[in-house]
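Chain by chain, the residues:
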Amino acid sequence: MAAKRPIAFDACHATVPAALFAGAVALSMLAVHPVCVAVSLVGALLFSLLARGGAATARGLAWQLPLLTLVCLLNPLFSASGSTLLFKLGPRSVYLESLAYGATMGGLMVAVVLWFEGAAVVLTQDRLLALAPRRARTLPLLLGMAFQLVPQLLGRSRKVRATLSACTAAGARPGVREALTRTSSMLLTWSLEESIERADSMRARGWESGLPRTSYRPERLRPRDAAALCGIAALLALCSVCAWEACSAWRFYPTIRGLAPWWCLAPLAVLAFLPSGAELVARLRERGRR
Amino acid sequence: MSALQLDRVSFAYAGAEKPVLLDACLEVAEGAFALLTGATGSGKSTLLRLAKPELAPKGELRGVVRVFGSDTSALGARDSARTVGYVSQSPDAQMVCDTVWHEMAFGLENLGVPEPEMRRRVAETCNFLGIEPWFRMRVSELSGGQRQTLALAAALAMRPRLLLLDEPTSMLDPIAEKNFLSLLFRANRELGITVVVATHAPHAMADYATCAFALEGGRVREAPLDDVRRPEPCDTRLCDTRLRPLCHVLRLEDVWYRYGRDARWVLRALDLEVRAGEVRALVGSNGCGKSTLLQVVAGVLKPRRGRARNALAAGQALLPQSPKALLARETVLDELMEWSRGGGYGRAEAEAALATLGLAEDPGRHPYDLSGGQQQLLALEKLLLVKPRLLLLDEPTKGLDRPARERMARRLAAAASDGATVLLATHDMAFVNAVAGSVSLMFDGGITATEPTDEFLRESWLYRA
Chain A
1 MAAKRPIAFD
11 ACHATVPAAL
21 FAGAVALSML
31 AVHPVCVAVS
41 LVGALLFSLL
51 ARGGAATARG
61 LAWQLPLLTL
71 VCLLNPLFSA
81 SGSTLLFKLG
91 PRSVYLESLA
101 YGATMGGLMV
111 AVVLWFEGAA
121 VVLTQDRLLA
131 LAPRRARTLP
141 LLLGMAFQLV
151 PQLLGRSRKV
161 RATLSACTAA
171 GARPGVREAL
181 TRTSSMLLTW
191 SLEESIERAD
201 SMRARGWESG
211 LPRTSYRPER
221 LRPRDAAALC
231 GIAALLALCS
241 VCAWEACSAW
251 RFYPTIRGLA
261 PWWCLAPLAV
271 LAFLPSGAEL
281 VARLRERGRR
Chain B
1 MSALQLDRVS
11 FAYAGAEKPV
21 LLDACLEVAE
31 GAFALLTGAT
41 GSGKSTLLRL
51 AKPELAPKGE
61 LRGVVRVFGS
71 DTSALGARDS
81 ARTVGYVSQS
91 PDAQMVCDTV
101 WHEMAFGLEN
111 LGVPEPEMRR
121 RVAETCNFLG
131 IEPWFRMRVS
141 ELSGGQRQTL
151 ALAAALAMRP
161 RLLLLDEPTS
171 MLDPIAEKNF
181 LSLLFRANRE
191 LGITVVVATH
201 APHAMADYAT
211 CAFALEGGRV
221 REAPLDDVRR
231 PEPCDTRLCD
241 TRLRPLCHVL
251 RLEDVWYRYG
261 RDARWVLRAL
271 DLEVRAGEVR
281 ALVGSNGCGK
291 STLLQVVAGV
301 LKPRRGRARN
311 ALAAGQALLP
321 QSPKALLARE
331 TVLDELMEWS
341 RGGGYGRAEA
351 EAALATLGLA
361 EDPGRHPYDL
371 SGGQQQLLAL
381 EKLLLVKPRL
391 LLLDEPTKGL
401 DRPARERMAR
411 RLAAAASDGA
421 TVLLATHDMA
431 FVNAVAGSVS
441 LMFDGGITAT
451 EPTDEFLRES
461 WLYRA
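Chains as they are written, first to last, in my numbering: chain A, 1 to 290; chain B, 1 to 465.
You may find that some hints are simply not true.
[To be verified] Simulated coverage check for chain A against chain B, where a stretch passes if three residues somewhere in it have a Cβ under 8 angstroms from a Cβ of chain B: (1) 27-37; (2) 146-158; (3) 168-175; (4) 197-206; (5) 209-220.
[Said to hold, decoys possible] Straight-line alpha carbon distances no greater than 20 angstroms define the calculated EDC-like cross-link-like pairs of lysine to aspartate or glutamate that follow: (6) B:Lys-398 / B:Asp-369; (7) B:Lys-398 / B:Asp-71; (8) B:Lys-58 / A:Glu-178; (9) B:Lys-398 / B:Glu-253; (10) B:Lys-58 / A:Glu-193; (11) A:Lys-159 / A:Glu-178; (12) B:Lys-18 / B:Asp-362; (13) A:Lys-159 / B:Glu-141; (14) B:Lys-302 / B:Asp-271; (15) B:Lys-387 / B:Asp-369; (16) B:Lys-58 / A:Glu-197; (17) B:Lys-398 / A:Glu-194; (18) A:Lys-159 / A:Glu-193; (19) B:Lys-18 / B:Glu-338; (20) B:Lys-178 / B:Asp-207; (21) A:Lys-159 / B:Asp-362; (22) A:Lys-159 / B:Glu-253; (23) B:Lys-58 / A:Asp-200; (24) B:Lys-387 / B:Asp-362; (25) B:Lys-302 / B:Glu-361.
Calculated from the structure, these hints are not laboratory results.
Positions of the beta carbon are idealized from the N, C-alpha and C atoms, including for glycine.
Start from the sequences, fold in the hints, and give me the full structure.
Below, the structure is given as structure tokens:
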């Protein structure tokens, strides 16, 4: 159904999707308002379907929907506030308002997770790391090494365990604890040994040569990207004002009231549907040019 | 002007009694492709590192090392990084960054090269080596051969005048080795970069080299290229190569294996039969599934389809490609004693094994302080101590010099004559000729041909000892 990889943000500087997704996540987290959350959730879901495909989104929802339900059902048990009594569960009273609050919080969590998952597809690790400010150029290097280390350690630990289990002539297998100590100390020695060679490789190429470092940026900020960034900043500012208005008028307790006018929620809808809209437009244009 | 010059250089490591280099004299002309040969531990790496001050080992140095006429002790880190490039052995350990483009730019960033100039140098290096298709790939997605090419690219991007390489191809398979060497050759002839390669297997490089030097007893002597060109044979036939009329101990029928549901089949419709006491070599290109097959035989991986029967499953041992996956203790003696309880042997046997390794005097040495070849032999001894009935070996001679290869061959022959069955995956046909009774050629996930070694080598168009 959907392509494996999103294309809308391929051709722009990484700061553009970074700003857009950061804004979407921040507003989803801060605007605790059922309509805002619903809009954000639908927008995130749509983008996830487009960018990650139906199968991956469904696999995610398989744990996200139960989470939403759980938060929704647990909230009334912890906060017995509200005015519309639905039923009593032992000593606890379950109110409609606290159920609604729980559903909103659950939806908020799922929306944030979905936004992060979508952003991770667009902003691959190297694009994200290249965004580090100029003064902190060693940070991406350090993080890049750390990110490489984890899969390498996992791969090696599989090798170590596979080798041990293949050597049946060595007698009984060590216990779980002993095997764990053995594997971890082996991995530690192995990595330390390798780090010496890596340090040599760094010094051989002028690391710590005392010169101010420059940086190779694989992407350049073009006027088009700057314009897009300004547009996103303006939209985010408008959304913040509107979300503030909508949320300050809204009350869950004691009774649900204070729905803001539709125009107050419209900018939030624009923000939520912008990523999927951009993706759809990019795909249609691509198809037209083929 | 000579690119590299050693003038009566003696060097002893701090705390060591015997010097590694003793009055060594060497002169490599600018534009040369020089080979530096010698056994493991003869001081090749030490010599190279002395020409690169930021990597120079700690110890007592006498004499002068000059690079393009200037004394290296006066050469700062910047000038050294600009003039002298260095590529080491391990394709994994020398990678610093997580993406190809960043790895290539890393050295230029360190030297503060302005961005436009950096872009140009990176682009030109990519064009020269033909690695543009992987420019935006992650380093973890590259094969060992590609990583080593990337290490070369990262060094070349800095436009060095002298390139030092320490066993650059010892971890590569023969095809990756040839690719790497042809790129190195082009860098030497087309860009005029002086190349000095330290290696214990120089025959593969002899056609590219313009001169060769041998390091023996701490001294350097010029070696004729014809001497270097001959491959190192393991010519003594050590195993009884007749197929024995014994029962099959390994029987794989229609085995299919893939690593993930959506991954390609690594093994497809594979049939394999190995008799008791047989020494069988598995040959085939890189990635043809030799290691996977060994793991299926060992029972570590279960076939997705088909059956794998192993009558010796309770008494087997596996030597992995990297011996570090097997070395778990702090001293060589502890290492050999690790399986003494389960394997039913005592200290006397472990000490005898140490003596075979030539480490009887040094039982307290850390396994990581041994050379790669010695680590491999230590791992093999550790396996042989538990008297496995089935030995599975994955590239046992990778990175080994001639004495280590011969020792490995002798130990395998001894194990086989004691009745052990051996299945080994390798690219080293001279080793196959020395130890294996029969050879199976793997291709497209299956076994294409199985023949006695003599017949296989005689009939083969490609595989020669």
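Taking the numbered hints from earlier one at a time, note which ones the structure violates and give those numbers from smallest to largest.
1, 7, 8, 9, 15, 19, 21, 22, 24, 25
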